[in-house]
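Trainee: Chains A and B are the protein sequences, given in the same order.
Numbered by my numbering, the letters in the first sequence go through residues 1 to 84 in order.
Numbered by my numbering, the letters in the second sequence go through residues 85 to 168 in order.
Just so you know, these hints were derived from the structure itself, not from any lab.
Quick reminder that beta carbons are idealized off the backbone N, C-alpha and C, glycines included.
Chain B stretches covered by chain A per the calculated footprint, using a threshold of three residues with CB under 8 Å from any CB of chain A: (1) 92-104; (2) 111-123; (3) 130-137; (4) 149-156.
Number of protein chains: 2
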Amino acid sequence: MAQYRAAIRIQLRKQILDVQGKTVENALHSLNFQDISHVHIGKYVELTVEAASKDAAFARVDDACKKLIANPVMEDFHIELQEA
Amino acid sequence: MAQYRAAIRIQLRKQILDVQGKTVENALHSLNFQDISHVHIGKYVELTVEAASKDAAFARVDDACKKLIANPVMEDFHIELQEA
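Only chain A is shown next, with the shape it has when bound in the complex:
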């Protein structure tokens, strides 16, 4: 069994209004950051998984994301794995 470190980026699906991102964008504009636009805010999760292979580790993390970490109806997630 090897240990893998997973980095998971979770973002709202494109069709869903990102209210938090819009609010931060407005705040940035009033702080003189008019050169910043298209702000999207999501979650970033890091975790360690123990598995026999990288494929098995990916499958476990994917399953954990679908069952608990992300909301598959509203969010998209992207997993990056590295052997620890």
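Given the coordinates of chain A, work out where chain B should sit on it, guided by the hints.
Mentor: Just chain B, lined up with the frame of chain A:
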């Protein structure tokens, strides 16, 4: 002026207790994901910045993170830039 897309990962500093990460880790364990550990939860922000160069774009995003997007006392942040 060119446009750059920034991906910003924000995490609690190592010394600060990650209560949300610990809670998700406990929930994963009770869902039969005992092979997952060291869960840390942070934020992930994407934004577009208009600047004359990549260095100038980085400086603007770094400034925006310090002033509004991250909390430099409690959080570390990491910026990745790509020309859009």
